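Guided by the hints, dock chain B onto chain A, whose structure is given.
For reference, the chains in residue letters:
Number of protein chains: 2
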Amino acid sequence: MALKLYGTVSSDGTQRVQACLHEKEVDFEFISVNISAGEHKTPRFIARNPFGEVPALEDGDVTLFESRAITQYIANKYEGKGTDLIMKDPIQLAIQTVWMDTENQRFDQPFSKLIEAAIEGDRSGQDVRQYEKKLESVLDVYEQRLTESKYLAGDRFTLADLHHLPGMHFLRSTKAKGWFQGRPHVRAWAADILSRPAWVKVAAMSPW
Amino acid sequence: MALKLYGTVSSDGTQRVQACLHEKEVDFEFISVNISAGEHKTPRFIARNPFGEVPALEDGDVTLFESRAITQYIANKYEGKGTDLIMKDPIQLAIQTVWMDTENQRFDQPFSKLIEAAIEGDRSGQDVRQYEKKLESVLDVYEQRLTESKYLAGDRFTLADLHHLPGMHFLRSTKAKGWFQGRPHVRAWAADILSRPAWVKVAAMSPW
Numbered sequence: 001m002a003l004k005l006y007g008t009v010s011s012d013g014t015q016r017v018q019a020c021l022h023e024k025e026v027d028f029e030f031i032s033v034n035i036s037a038g039e040h041k042t043p044r045f046i047a048r049n050p051f052g053e054v055p056a057l058e059d060g061d062v063t064l065f066e067s068r069a070i071t072q073y074i075a076n077k078y079e080g081k082g083t084d085l086i087m088k089d090p091i092q093l094a095i096q097t098v099w100m101d102t103e104n105q106r107f108d109q110p111f112s113k114l115i116e117a118a119i120e121g122d123r124s125g126q127d128v129r130q131y132e133k134k135l136e137s138v139l140d141v142y143e144q145r146l147t148e149s150k151y152l153a154g155d156r157f158t159l160a161d162l163h164h165l166p167g168m169h170f171l172r173s174t175k176a177k178g179w180f181q182g183r184p185h186v187r188a189w190a191a192d193i194l195s196r197p198a199w200v201k202v203a204a205m206s207p208w
Numbered sequence: 001m002a003l004k005l006y007g008t009v010s011s012d013g014t015q016r017v018q019a020c021l022h023e024k025e026v027d028f029e030f031i032s033v034n035i036s037a038g039e040h041k042t043p044r045f046i047a048r049n050p051f052g053e054v055p056a057l058e059d060g061d062v063t064l065f066e067s068r069a070i071t072q073y074i075a076n077k078y079e080g081k082g083t084d085l086i087m088k089d090p091i092q093l094a095i096q097t098v099w100m101d102t103e104n105q106r107f108d109q110p111f112s113k114l115i116e117a118a119i120e121g122d123r124s125g126q127d128v129r130q131y132e133k134k135l136e137s138v139l140d141v142y143e144q145r146l147t148e149s150k151y152l153a154g155d156r157f158t159l160a161d162l163h164h165l166p167g168m169h170f171l172r173s174t175k176a177k178g179w180f181q182g183r184p185h186v187r188a189w190a191a192d193i194l195s196r197p198a199w200v201k202v203a204a205m206s207p208w
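Chains A and B, in that order, are what the protein sequence lines are.
Note that the first sequence covers residues 1 to 208 in UniProt numbering.
Note that the second sequence covers residues 1 to 208 in UniProt numbering.
Just chain A, with the same shape it has in the complex (with noise of 0.2 angstroms):
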């Protein structure tokens, strides 16, 4: 029985589970939730993820949210097909997870507040420069990061780039563009993740 996947195509959650499948190799059924019809808010829905909010993968009785828990379920389930993302020593795993808790931690509330703010305009009320400021110091970081190791765990892409997908995505498609020409590491970093095949499948169904 294939993976489901619950989620919409602009969700950069349901995008980031999606590029890990590819980049796996593993068959999925993807199923487009109404958001605009408040599916996502439905008992059904909830009980795949309380939250209610997408997106949700099924696995046969097994149900998971989360897109961050759910990309290392399915990196370690499928641990010898598709690319291998997740590193085998446990000290290069623990600066994988360092970068992967980077990216939770510091890169996703102000890229998320970003986004919010590029939707709704200035409906949002979102203090844009706070927010940038942010992402940029973050990125300084990985330029000097990048310096040292061609990805962020070492070096080959893991789990640790593929989190940032979207939100590379988003950023490369905005004026934060310039954010990238004075930094050589990572605007090479993103030319390299963002061209992989299995990412450009999920940009090309990306709204933004």
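Derived from the structure by calculation, the hints contain no laboratory data.
One thing to keep in mind: the hints can contain errors.
Copies of the same chain look alike in the list, so a pair counts if it fits in one copy or across any two.
[As the list claims (entries may be wrong)] Taking lysine-lysine pairs in the DSS-like style, the calculated list, with each CA pair at most 27 angstroms apart, reads:
hint	residue 1	residue 2
1	Lys113	Lys133
2	Lys134	Lys41
3	Lys41	Lys133
4	Lys177	Lys113
5	Lys134	Lys113
6	Lys77	Lys88
7	Lys201	Lys177
8	Lys81	Lys4
9	Lys88	Lys134
10	Lys177	Lys133
11	Lys134	Lys150
A quick note: this is a predicted structure, and the numbers were derived from the prediction, not measured.
Chain B only, in chain A's frame:
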């Protein structure tokens, strides 16, 4: 050589790591970072954590930052020692990861904003009510979850619970304590995890 933990007794990230080290019964050297003297922004400290924040961990040649990455490293490295904090079964581990990510994505930000507001008072400029509402809705989901299992990830205490300790400790000591009253499972869970000897040691040193 003992592990070196750089931090402050008032930092929630440092407390999270201390709790983990005590649970695992691992000896460590606590090195207090003088924040008011700006020690966390010196080149020497930036080499440990490029974001210039506590905590950071040194284990011989390995240096790690981000409290949740550090706890996972410790829990994996000392697998057979002290409390087992990680589920072994892949599906149970995936469920543990879901609740760890829930803490990271949904619980941590409103909690951090509330603690900031509590410390800085009106100077914080935070819309406290907004964060209180967010946190209450997260606790509603936990209340439901804790009717299904004693701990967030299942029938035993794991990192999914441990990561919440600084936050639940803070909530218990503020007016938010009232939130526990209407949520009996959250109240029982909080009482249980906050009374663990490992946490009691950490809380005894906390200024809040």
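Right, here's what the structure says about each hint:
no.: 1; hint: Lys113 with Lys133; result: both (12 angstroms within a copy, 18 angstroms between copies)
no.: 2; hint: Lys134 with Lys41; result: between (32 angstroms within a copy, 17 angstroms between copies)
no.: 3; hint: Lys41 with Lys133; result: between (34 angstroms within a copy, 18 angstroms between copies)
no.: 4; hint: Lys177 with Lys113; result: within (17 angstroms within a copy, 30 angstroms between copies)
no.: 5; hint: Lys134 with Lys113; result: both (11 angstroms within a copy, 16 angstroms between copies)
no.: 6; hint: Lys77 with Lys88; result: both (14 angstroms within a copy, 13 angstroms between copies)
no.: 7; hint: Lys201 with Lys177; result: within (21 angstroms within a copy, 48 angstroms between copies)
no.: 8; hint: Lys81 with Lys4; result: within (18 angstroms within a copy, 38 angstroms between copies)
no.: 9; hint: Lys88 with Lys134; result: neither (32 angstroms within a copy, 37 angstroms between copies)
no.: 10; hint: Lys177 with Lys133; result: within (14 angstroms within a copy, 35 angstroms between copies)
no.: 11; hint: Lys134 with Lys150; result: within (23 angstroms within a copy, 38 angstroms between copies)
Violated hint: 9 only; the structure is consistent with all others.
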